[in-house]
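Turn these sequences into a full structure, and let the hints steer you where they fit.
FYI, in numbering that gives the first Met the number 0 the residues of the sequence shown are 0 to 246.
Just so you know, these hints were derived from the structure itself, not from any lab.
Fair warning: this is a prediction, and the values are worked out from it, not measured in the lab.
Accuracy of the hints is not assured; some may be wrong.
BS3-like cross-link-like pairs, simulated, lysine-lysine; straight-line CA separation at most 27 Å [claimed, not checked]: (1) 159 - 199; (2) 86 - 2; (3) 82 - 135; (4) 135 - 199.
DEER-style ranges, computed between Cβ atoms [what the hints assert, rightly or not]: (5) 148 - 26: 17 to 23 Å; (6) 138 - 12: 14 to 20 Å; (7) 35 - 153: 37 to 43 Å.
Where is the CB? At the ideal position from N, CA and C, for every residue including glycine.
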Amino acid sequence: MIKSFLNRFMSQNWEDLIMLHYRVNPAMIQGRLPDDLEVDTFEDDAWLSVVAFRLSNLRIRPISWLKWSDFWELNLRTYIRDKKGRKGVWFFSLDSTDPVGVIGARMLYGLPYNNAHIERSGSLQSGHLSFSSTRKGGGLSTIDASWNSEDLNQNLARKKIDHFLLERYRFWASRSRVKPSSSACVNHQPYNAVRLNMAKYQGKLFACQGMGEPICAPELGHYCPGFSVEATAPEWAFSISGQANQR
0 MIKSFLNRFM SQNWEDLIML HYRVNPAMIQ GRLPDDLEVD TFEDDAWLSV
50 VAFRLSNLRI RPISWLKWSD FWELNLRTYI RDKKGRKGVW FFSLDSTDPV
100 GVIGARMLYG LPYNNAHIER SGSLQSGHLS FSSTRKGGGL STIDASWNSE
150 DLNQNLARKK IDHFLLERYR FWASRSRVKP SSSACVNHQP YNAVRLNMAK
200 YQGKLFACQG MGEPICAPEL GHYCPGFSVE ATAPEWAFSI SGQANQR
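The structure is reproduced here in structure tokens:
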């Protein structure tokens, strides 16, 4: 019963995901990861992605009766694996409009969340979305993207590189003074994504991590209408409860 509770610790919806992907040198990523994690590559290249979306219908057990306000997120992430070969995501930063969620995610998972003011314009019907995020002390970052609305039911993002970038069901973080890195899992349907036909990013997300800002358009991008998601409790919760690792 305890393990089932921890495996279904959190539920939420991810909506209107915009994902912009940049090819980078693996050595640049590896040098920024904890020692127990390794950069994951596709055809010898590492990738950095800027991801924006709306998070709605958040529920956390055992207080699932508590209604949470919907909020926006903008994050910078890369793709990694651990020494066991398990693949997932490493977040360099996550901007959010929910200050309570920022505190909770930092404390529970060790994720590098930041308070930000985020605005979104456009819609699925128009085939165009724009996000702008102003992080306190971090400057303004913007995304502008468009896609062909008639492609949404065509499953056009089905190549190996799409799978590499999209189908990630684990994330890691480093909690203060805790080694090794802690992970948690998410569970959801496969991405029903389409390729973007226009994608632009400007901002300070990369510079805040000591990396150069992109000077070219992203290598590729995706739009996904969204889906429901379940997330496990952080790995340390399984340990203190005497349960085996979540997945």
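Against the structure, the hints come out as follows:
At roughly 23 Å between alpha-carbon atoms, residue 159 and residue 199 fall within 27 Å of each other, so this suggested pair holds. At roughly 22 Å between alpha-carbon atoms, residue 86 and residue 2 fall within 27 Å of each other, so this suggested pair holds. With a C-alpha separation of about 36 Å, the suggested pair residue 82 and residue 135 falls outside the 27 Å cut-off, and the hint is violated. Our distance criterion of 27 Å between C-alpha atoms is met by residue 135 and residue 199, whose separation comes to about 22 Å.
Taking the beta carbon of each, residue 148 and residue 26 are about 40 Å apart, not inside 17 to 23 Å as hinted. Remark: the range hint 14 to 20 Å for residue 138 to residue 12 is contradicted by a beta-carbon distance near 29 Å. The hint said 37 to 43 Å for the Cβ distance between residue 35 and residue 153, and at roughly 40 Å that hint holds.
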